[in-house]
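Participant: Single-letter residue listing:
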Amino acid sequence: MPREFKLPDVGEGVAEGEIVSWLVEVGDPVSEDQPVAEVETDKAVVEVPSPVNGTVQELHYEAGTMVEVGEVIVTFALEGEDVAAAPAPTDDSDGKAAEAPADADAAETADAETAVESAPDTGGRTFAPPSVRTLARELDVDIGAVSGTGPSGRVTESDVRAAADGETVGEATEEKPAAEPAAEPGTTAETPPSSEPAADRDRTLAAPATRGVAKDLDVDIDQVPAVERRDGEAFVTADAVREYAEGQQAAQAADVATVAAGETGPREERIPYKGVRKTIGDKMEESKYTAPHVTHHDTVDVTELVAMRERLKPHAEAQDVRLTYMPFVMKAVVAALKEFPELNSSLDEEAGEVVRKHYYNIGVAVATEAGLMVPVVDDVDAKSVLEIAEEVNRLAEEARERTIALEDLQGSTFSITNFGAIGGEYATPIINYPEVGILGLGAIEERPVAEDGDVVARQTLPLSLSIDHRIVDGADAAAFTNDVMGYLETPSLLLLK
Amino acid sequence: MVVGDVATGTELAIVGAGSGGYVAAIRAGQLGLDVTLIEEDAIGGVCLNYGCIPSKALISATDVAHEAGDAEEMGVYADPEVQMDEMKTWKDGVVDQLTGGVENLCEANGVNVVEGRAEFVDENTLRVAHGGEGQGSESYEFEHAIVATGSRPIEVPGFEFDGETVLSSRDVLDLETIPDSVVVVGAGYIGMELSTVLAKLGTDVQVVEMLDDVLPGYESDLVRPVKRRAADLGIEFSFGEAAAGWAETDDGIVVTTETEEGEESTYEAEKAIVAVGRTPVTDTLNLEAIGLEPNDDGFLETDHEARTDVDHVFAIGDVAGEPMLAHKASAEGAVAAEVIAGEPSALDHQAIPAAVFTDPEIGTVGMTEAEAEDAGFEPAVGKFRFGANGRALTTGHPDGFVRIVADEDSGFVLGAQVVGPDASELIAELGLAVEMGATLEDVARTIHTHPTLSESVMEAAEHALGHAIHTLNR
Ligand SMILES: Cc1cc2nc3c(=O)[nH]c(=O)nc-3n(C[C@H](O)[C@H](O)[C@H](O)COP(=O)(O)OP(=O)(O)OC[C@H]3O[C@@H](n4cnc5c(N)ncnc54)[C@H](O)[C@@H]3O)c2cc1C
Chain A
161 MPREFKLPDV GEGVAEGEIV SWLVEVGDPV SEDQPVAEVE TDKAVVEVPS PVNGTVQELH
221 YEAGTMVEVG EVIVTFALEG EDVAAAPAPT DDSDGKAAEA PADADAAETA DAETAVESAP
281 DTGGRTFAPP SVRTLARELD VDIGAVSGTG PSGRVTESDV RAAADGETVG EATEEKPAAE
341 PAAEPGTTAE TPPSSEPAAD RDRTLAAPAT RGVAKDLDVD IDQVPAVERR DGEAFVTADA
401 VREYAEGQQA AQAADVATVA AGETGPREER IPYKGVRKTI GDKMEESKYT APHVTHHDTV
461 DVTELVAMRE RLKPHAEAQD VRLTYMPFVM KAVVAALKEF PELNSSLDEE AGEVVRKHYY
521 NIGVAVATEA GLMVPVVDDV DAKSVLEIAE EVNRLAEEAR ERTIALEDLQ GSTFSITNFG
581 AIGGEYATPI INYPEVGILG LGAIEERPVA EDGDVVARQT LPLSLSIDHR IVDGADAAAF
641 TNDVMGYLET PSLLLLK
Chain B
3 MVVGDVATGT ELAIVGAGSG GYVAAIRAGQ LGLDVTLIEE DAIGGVCLNY GCIPSKALIS
63 ATDVAHEAGD AEEMGVYADP EVQMDEMKTW KDGVVDQLTG GVENLCEANG VNVVEGRAEF
123 VDENTLRVAH GGEGQGSESY EFEHAIVATG SRPIEVPGFE FDGETVLSSR DVLDLETIPD
183 SVVVVGAGYI GMELSTVLAK LGTDVQVVEM LDDVLPGYES DLVRPVKRRA ADLGIEFSFG
243 EAAAGWAETD DGIVVTTETE EGEESTYEAE KAIVAVGRTP VTDTLNLEAI GLEPNDDGFL
303 ETDHEARTDV DHVFAIGDVA GEPMLAHKAS AEGAVAAEVI AGEPSALDHQ AIPAAVFTDP
363 EIGTVGMTEA EAEDAGFEPA VGKFRFGANG RALTTGHPDG FVRIVADEDS GFVLGAQVVG
423 PDASELIAEL GLAVEMGATL EDVARTIHTH PTLSESVMEA AEHALGHAIH TLNR
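Those sequence lines, one after another, are chains A and B. Numbering (my numbering) for the first sequence: 161 to 657. Numbering (my numbering) for the second sequence: 3 to 476.
Calculated from the structure, these hints are not laboratory results. Honestly, I wouldn't trust all of these hints.
Below, a sample of chain B positions facing chain A; criterion: calculated Cβ distance under 10 Å [to be verified]:
#1 Glu345
#2 Pro346
#3 Ala348
#4 Asp350
#5 His351
#6 Asp411
#7 Leu416
#8 Glu437
#9 Gly439
#10 Thr441
#11 Glu443
#12 Ala446
#13 Arg447
#14 Thr448
#15 Leu474
Straight-line C-alpha distance at most 25 Å; calculated DMTMM-like pairs for lysine to aspartate or glutamate [said to hold, decoys possible]:
#16 Lys166(A) <-> Glu410(B)
#17 Lys93(B) <-> Asp182(B)
#18 Lys448(A) <-> Glu529(A)
#19 Lys166(A) <-> Glu228(A)
#20 Lys375(A) <-> Glu410(B)
#21 Lys438(A) <-> Glu561(A)
#22 Lys375(A) <-> Glu388(A)
#23 Lys375(A) <-> Asp411(B)
Since we're looking at a predicted model, the values are computed, not measured. We treat Cβ as the ideally placed atom computed from N, Cα and C, and that holds for glycine.
Modelling step: build the complete structure from the supplied sequences, incorporating the hints.
Facilitator: Next comes the structure, spelled out in structure tokens:
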């Protein structure tokens, strides 16, 4: 029995996810726990592991599809099973019919007989409706030798007529305007249909599958030049639709090229707004429009911190830890939060209560390819600088590689964003709602500082603290910032914390 | 030359006025040929007189009775009484209406209908002997001839039909009273149809079959619902047993069967019905006179124009090979007539549908999944159970399913199998799909009326495409 694998519950509260990419193809052998797909939920990208040893028999969705938890995404053939066997819903069509006894009741032999009479060359026979077969006989055309231009290669009436006229198969015959100049052989066929005027009819006959193709290609079927007429109405085939679409695209591309000579790509591109990007967007919107933001700016002299880190770096490296400024900032922030607990809170709007937290989980915004993610270091107050450094590094790495666990993205009480890593001074960080504060860090750089009437060069760090003005007042924001600055100016104070 | 035996000239002589012969005659008449249609027994042949039509008439009539008496679940309480002789009269009326219609159509199309048994005298002459001694005969000199002599039931040695205790299908269809019990020899489609009818009329039915299942040639999952219902109706089956002989008892007969190993069993009943298949009729018209000989299976071989080895003689219907079905006979009749009239015509249909009017019905057309594989296709198969179809549930018997077999690559529908309510009707759409080279998408995107059984066809196609709505996809 093939094993159907459903999209598992990839994390708490996650109902659906986008299949970002398949890590396996049909026919690939897989072992248990081997990742088979990357699935992006609204929180993170996770790898989905195979539940079995076996072979991939069918991938049920294309990459880019949103799939609900519980839907079958892969069919595996278990070890020892034939992959080729289609997962037919029956298990007993074992060719029994082929050995129909000579009993008069069997109807099966007819197919064998007729198969001989039609195209005997391949397993594939010639697909053509009876009326077209009759026409072929009338015109003395061997229908098996006509290659069809209809949907999926079905032989159409015009194919047969074309074959009878000895024309290249596929060239439309009847509909060719009589006025068309008799060009050198081949030219007519090669003229792209886009050069034909768009048809612009009220009514167009086409098979349902053809309409499907038109829809897929975003083509108005009434605009497609007809390949033939049926009952006086224009009849359009799937190939005609495709040709028309190609022609349109070529024409559009040409337009673009003329307008923006020298440019290569299209002028505009439409990229789906979904997944992590949309989640970020939704959260930002919610935060910005729910919490009245006020941003308080200041600059702190971190010359001593820079020196301290330089001194400590080799020690950290000896323990295989890359030491950045972030752990110090986090320590300073936690120390300040203890002084100003209103900043380590959130607003429970429904209950009408401010929730003050006596634990200190600091979210650290990390830029990843997919967008912003905020891994969380729990209980920062209980951890050493080195421990924090190690954890931040690990989480940032996992976020970038999109392997981060969902729990590591949840439960922060206050966040820090380090936009300065790329350069710049001040910004307006948006609160990681429903938290009430976020501290943005600019770039640590040597900047001119006035000291006792002299301008001196000092290492400075610009700070931007956004607060939810409903809970936190400007004065508190300033006082909190001053407190943070105090620890950063004189980092040895952190030893007392 | 016999005195008084004057040869009448005719462009086309057709022997046998069954589903094949009369269609050929009417079509040829339409095309302006001078046609003589010769029939020794009854116009309309087996199908109209002793086969398809009377059997379906009885099936419908007994279904009415049975359904009415078995609809308590629907809140219907009835205790129908069947007057077999009246049912037979009604059925005969239907048959008469149809055969009368065929006669009229023949006449209207200028077909000269002649009664009597035809025999080839030489390559261009048929002699027709009228029924009964001394009724005389006449000769026809033809340019073309069509042999449409059909088939007759196979007799099991020791079980010669006597119309009293050992019955052929034809005798069963003419019964005026309902037997208490029967032994049916043969579980092919005729045996199964008759068994179902009798069981619904209250007869104890014991089926004896040499092979190990009913309806040989059909996939086992198609057969299963039929067998299940038959068992529910009280039909008993013995497989792997061949009828060996019978003897009269005080109140009926006892039929003896034998397994391959020689083990014997006996079954007592009022009557025996033998339906072990049919054999082509090639012995009634002196084929030797024109040098035609049946092949090893007893059939006359024909090409894609229905032409035999003798250029101006054609053969159609049961006598020309499997499947021995009325619609195949008619299709061949039309082609033969057209070819003779000089029209471009040929037998190049992709598939011949078949229906079994058991309960539930079976309908098949084109390839099964296994056949598609053998033919080199990679089949995409979709299935939809009637249990998930609203209309089927309202019939009270939502057993069975629609299965559609297509080519995975191109989506072309290659075949279909249906078992369930009205499968014989539903298969028509699938036959059209196969014949037209329709794709799964064509079928799936064709809007079907709701609520109907035909929606299952659409859903099966959608299932094959992996986006069925009312069932889980493959
Ligand atoms: C009980 C039963 C149920 C059936 N149910 C179905 C069904 O549901 N669907 C289906 O498709 N098929 C069914 N069939 C099969 C169907 O009846 C035959 O396939 C069909 O009748 C074949 O048509 P035909 O024209 O080849 O021959 P026939 O109908 O057999 O006609 C041949 C005619 O030729 C006449 N004849 C023979 N020799 C001579 C001669 N020398 N001179 C003059 N006349 C001659 C015979 O009298 C006969 O009338 C059933 C058959 C039976 C017995």
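Participant: Check each numbered hint from earlier against the structure, then list the numbers of those it violates in ascending order.
Facilitator: none
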